[in-house]
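Start counting the sequence shown at 2; every next residue gets the next number (my numbering).
By construction, these hints were calculated from the structure, which means they are not laboratory data. Just to be clear, a hint being listed does not mean it is correct.
For each label pair, taking beta carbons as the anchor points, the in silico distance ranges come out as [unchecked claim]:
id: 1; residue 1: 5; residue 2: 66; range: 36 to 46 Å
id: 2; residue 1: 52; residue 2: 125; range: 12 to 22 Å
id: 3; residue 1: 91; residue 2: 116; range: 17 to 27 Å
id: 4; residue 1: 128; residue 2: 87; range: 19 to 29 Å
id: 5; residue 1: 128; residue 2: 7; range: 32 to 42 Å
id: 6; residue 1: 45; residue 2: 112; range: 15 to 25 Å
id: 7; residue 1: 45; residue 2: 102; range: 34 to 44 Å
id: 8; residue 1: 23; residue 2: 59; range: 15 to 25 Å
id: 9; residue 1: 52; residue 2: 130; range: 31 to 41 Å
id: 10; residue 1: 52; residue 2: 23; range: 31 to 41 Å
id: 11; residue 1: 53; residue 2: 130; range: 38 to 48 Å
id: 12; residue 1: 68; residue 2: 26; range: 17 to 27 Å
id: 13; residue 1: 125; residue 2: 91; range: 15 to 25 Å
Just so we're clear, the structure is a prediction, and the values are computed from it rather than from any experiment. Every residue gets a Cβ at the ideal spot worked out from N, C-alpha and C, and that includes glycine.
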Amino acid sequence: MALQQDYYYSEDHEWINSTPDAAVGAKVRVGITDVAADRLGEVVFAELPQVGDEVTAGETCGEVESTKSVSDLYAPVTGTVTAVNEGIDGNFELINNDPYGEGWLFEVEVSEVGPLLTADEYAEQNGIRTRD
């Protein structure tokens, strides 16, 4: 399993590509973690919020469907959706293959940050070794 050390993580397995302090007022990308992608299996569809939608930290804002199950997507921050990754439409394998890069899901202009974990805290909660 891989984690981006400079990203922050929700307990629900979503990430933002910013520090919580810098996120308020900024636009951040949101995606699911490698842990979530691995547990889901092959992602075959994603229902994402639309540009202009308001999302609330800790609340459901979409779904990710895999060959194994359908899983709710939770917003790690509160704010307005400013972009959706159109590159994953029809290429849902990007969510599995590059969850922290090309497999990002949507972007939010942040008004409030939900409870987030550092990479080390997230790794500890999920039994991931980050250092030898």
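Which earlier hints can't be squared with this structure?
-> Result: hints 1, 2, 3, 4, 5, 6, 7, 10, 12, 13 break, sorted rising.
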